[in-house]
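Chemist: Add chain B to chain A, keeping to what the hints say.
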Amino acid sequence: MLKAAYLHIPFCVQICHYCDFNKIFIHQQPVDEYLKSMKTEMLNTTNRFNNYKMETIFVGGGTPTSLSESQLDTFLRDVNEVLGNQSLKEFTVEANPEQTTNEKIAVLKSNGVNRLSIGVQAFQDSLLKKIGRTHNKEDVYSTVFSAKKAGIHNMSIDLMFGLPGQTMEMFKESVNEALALDVPHISSYSLQIEKKTVFYNLAQKGKLVLPEQELEAAMYEYLIETLDKRGFKQYEISNFAVPGFESKHNLQYWDNNEYFGIGAGAHSYAEGTRRRNAGPLRQYMSLIEENGFPYVEEHLVPLSEKMEEEMFMGLRKHQGVSDKTFFDRYGKSMFDVYKDPIERLIQKGWLERKKDTLMLTKEGIPLGNEVFQEFIGVVLD
Amino acid sequence: MNREEKLKRQAKIRNFSIIAHIDHGKSTLADRILEETSALTQREMKEQLLDSMDLERERGITIKLNAVQLQYKAKDGEIYTFHLIDTPGHVDFTYEVSRSLAACEGALLIVDAAQGIEAQTLANVYLALENDLEILPVINKIDLPSAEPERVRQEIEDVIGLDASEAVLASAKAGIGIQDILEQIVEKVPAPQGDPEGPLKALIFDSLYDPYRGVVTYIRVAEGTVKIGDKIKMMATGKEFEVLELGVFTPKAVQKDFLTVGDVGFLTASIKNVGDTQVGDTITSAVKGAQEPLPGYRKMNPMVYCGLYPVDTAKYNDLREALERLVLNDSALQYEPETSQALGFGFRCGFLGLLHMEIIQERIEREFNIDLIATAPSVIYNVTMTDGEKIVVDNPANMPEAQKISVVEEPYVKASIMTPNDYVGTIMEICQKKRGIFMTMDYLENNRVNVLYEIPLSEIVYDFFDQLKSSTKGYASLDYELIGYKPSKLVKMEILLNNEKIDALSVIVHKDFAYERGKVVVEKLKELIPRQQFEVPIQAAIGQKIVARSNIKALRKNVLAKCYGGDISRKRKLLDKQKEGKKRMKTIGRVDVPQEAFMAVLRMDDTNNNK
Chain A
1 MLKAAYLHIP FCVQICHYCD FNKIFIHQQP VDEYLKSMKT EMLNTTNRFN NYKMETIFVG
61 GGTPTSLSES QLDTFLRDVN EVLGNQSLKE FTVEANPEQT TNEKIAVLKS NGVNRLSIGV
121 QAFQDSLLKK IGRTHNKEDV YSTVFSAKKA GIHNMSIDLM FGLPGQTMEM FKESVNEALA
181 LDVPHISSYS LQIEKKTVFY NLAQKGKLVL PEQELEAAMY EYLIETLDKR GFKQYEISNF
241 AVPGFESKHN LQYWDNNEYF GIGAGAHSYA EGTRRRNAGP LRQYMSLIEE NGFPYVEEHL
301 VPLSEKMEEE MFMGLRKHQG VSDKTFFDRY GKSMFDVYKD PIERLIQKGW LERKKDTLML
361 TKEGIPLGNE VFQEFIGVVL D
Chain B
1 MNREEKLKRQ AKIRNFSIIA HIDHGKSTLA DRILEETSAL TQREMKEQLL DSMDLERERG
61 ITIKLNAVQL QYKAKDGEIY TFHLIDTPGH VDFTYEVSRS LAACEGALLI VDAAQGIEAQ
121 TLANVYLALE NDLEILPVIN KIDLPSAEPE RVRQEIEDVI GLDASEAVLA SAKAGIGIQD
181 ILEQIVEKVP APQGDPEGPL KALIFDSLYD PYRGVVTYIR VAEGTVKIGD KIKMMATGKE
241 FEVLELGVFT PKAVQKDFLT VGDVGFLTAS IKNVGDTQVG DTITSAVKGA QEPLPGYRKM
301 NPMVYCGLYP VDTAKYNDLR EALERLVLND SALQYEPETS QALGFGFRCG FLGLLHMEII
361 QERIEREFNI DLIATAPSVI YNVTMTDGEK IVVDNPANMP EAQKISVVEE PYVKASIMTP
421 NDYVGTIMEI CQKKRGIFMT MDYLENNRVN VLYEIPLSEI VYDFFDQLKS STKGYASLDY
481 ELIGYKPSKL VKMEILLNNE KIDALSVIVH KDFAYERGKV VVEKLKELIP RQQFEVPIQA
541 AIGQKIVARS NIKALRKNVL AKCYGGDISR KRKLLDKQKE GKKRMKTIGR VDVPQEAFMA
601 VLRMDDTNNN K
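Chains as they are written, first to last, in our numbering: chain A, 1 to 381; chain B, 1 to 611.
Bound-form chain A, shown alone (with noise of 0.2 Å):
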């Protein structure tokens, strides 16, 4: 039974220097017909894909909020039209601080959106606008302050660190204004430099100076413990929340679970294929037009893959993966088939086994990547 949506709104009325999301610049494009196809998308889905009830929505960008109020309106319409029910517990909607006025807020709540995703990053003006960041710190408190208001209390903030200029203390002081503002879910990533952004660009040129990775890892390391302090459990490598706010829809990734995803550019897992959507607005609509559908990709994961996922993204959870699901689902016990790397990570100090359950020490957290990988091609199809 799948359980998950992923919609993506790739329009932005600005671009950060570090997004390689897919994602546009909204000024001239067809944003009403772009929403049109969207419903189409997730129409032929259900219809196609028919054994699912959604318990969670997470729309994405982009940028969300960077549609018009009765745009926004029309889509979470249409969301809640094909995929709504009963049963459904997260509603997620990603927003910017600079775009989160009191009337979209109005229009998310009245179309059952439960939860925000507040695209922070940073609490340093100069910093924001170093980054490519159009909102400042007083458009986070009124953001925060209106979606309570309007009786939205669910709320994540995501903080980068890692930046180009960013110091200790002020990551320090982002992490405190974050806690002040008393929402139950933090996000925090460590910048990473991709192609085809700004960044990459002037880092290419040598003109990107980045924080050492000692900074790095002190900043990562300051993060977890103070959030711990404050009540947030670290329930995913970059996640953290108060009991019982962690993001379901988040969750069902790291648990192996398949889900939809709908709009340009977007990744799905249903029937045991992984597929991507066309990025580009033009094909992806036009593919749709034509076929119904708009992959440009499928891969039909084998059990070697599967598995190798359930490992590398379970890892990620602090509770880890429990051979008892693994058996479940694969008839293997993780404990053979991944014997080898399994017993050279616990020796290195950076897994460790509680009962049928196997996780990342605290050493293993910072250095997740190294543990992932020895699980790759390990076991062969």
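Honestly, the hints are just simulated from the structure, not real lab data. Since this is a predicted model, take the numbers as computed values, not measurements. Heads up, the beta-carbon is just placed ideally off N, CA and C, and yes, glycines get one too. Worth double-checking, as some hints may not be accurate.
Among chain A residues calculated to face chain B with C-beta under 7 Å, some are [to be verified]:
hint	residue
1	Y52
2	E214
3	Y259
4	G261
5	H267
6	G368
7	F372
Derived coverage of chain B by chain A (criterion: at least 3 residues anywhere in the stretch with Cβ under 8 Å from a Cβ of chain A; other residues may be distant) [unchecked claim]:
hint	segment
8	548-559
9	576-583
Modeler: For chain B alone, kept in the frame of chain A given last:
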């Protein structure tokens, strides 16, 4: 075909090759000639056809020789048979060039109308003159705005002493002058001489290995006639075979029943080992053989050695097979097994030069899919021990302890550097730093100088050529030849990683430059070796004395946070990439060392470390 007919046919053959500096347009001109002689239809025409291996295309140089037969209808109404024999364009392959030139009666000398003659071109012109070739100067790229054809014409006369008054002004790219070149080949290049009924003498100027046919030798018949079924003998190696196939390349292989005087083509005789068909050797009849071989044969000796090890020790046998296969095609390559404490089982391989070495490494990695660790190249040192014993050291790790050594001698080359006047100072500075001994300096014309130095070969092997190029904006060109051994104050510098001596990183350095070199190597290693789970000290030592040290900091963080809209494949790709990177590293003790690190001792260029 009787003797008369053979002689008549012979008179219409013209064999030539093209001498040019890299980038002066040799391949483009070869393409034009192929087009003009309709050797290929337009559709078959691939850019720069003579350079057939991928690697050659990528590097823009020709490694292996090729010979193409062309038919040309001249202005006199007669049809002539041309054989265009391609030559490698790099200093490492001088001997092969000389053999392919020996297969010709003439050579086109291509000189760039803007750049003039380069040292490498000059070296090949001298080879052509030694082989008594008729040299036809061609001034190419005359359509360039910076072309100075008259200056270059004068230069050809002054520098080489050739009559350049009839030099063709051409642009291979624009198709200018091609017809004139072809006519000059007919008029000026002599037809092959030799008796088609005499005892067989055929020059091997190249060979390659074909898995189905065995060794395919490229030959030029100088005397006599060879037919399918003939018993033949290699005069240098003494090996005998029976001819299975004969043919020419047009450039497609076309079978022939016989090859006779002047013919350039291929011969197969189920030969299993390229070592039996040495380049420069003479093929004769096993029944009624020639008394004397063709002149000029010599066995090629490697100048540069390095250790080649499989990253994955299980691939040792694959590497052996790869080398066996490559040697089939390349008799200049030598190898023998060796063991390294750090790297395990591998081979010490000998090469003609640095480029030859890089090409072989790349071919092993690409064609045989074996990830390699190559140790830094070394020359051969002659060592006299205190007890009078003399030993030869081709691996720095085997250099004896200093107190047991009486004298170390190293090979020197005579380096001939041709440069515009403005860079003479810079070049002398580089040569001085490379322990060069100034010999002479010749002014070729107003603005060009030929500087002669004696320099240790080991310094050339390091980054000499790169430094030369970068400090002269590419204007200087280099040619060198081995002149013999001279005693030097040399010491072995050892590298310690995590307090363990790594034999494969040892290097022989001059005593006076040891500190400087040690510092650069240590910093370079720091840059190339990724962070490990723990801090890793790096040290350079001479005997017991540490001359340089640094530390690789411990790995603190490597975890990707993003999980964008369920894009799992992206995460997988990243993990794959990281894992793949690790596979290409060698674990020495507890340290994962990437391939490039073993070449670090070569990398003297930059010292900026931002890790």
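Chemist: Compare the structure with the hints numbered earlier in the document and write down the numbers of the violated ones, lowest to highest.
Modeler: Hint 1 contradicted; others consistent.
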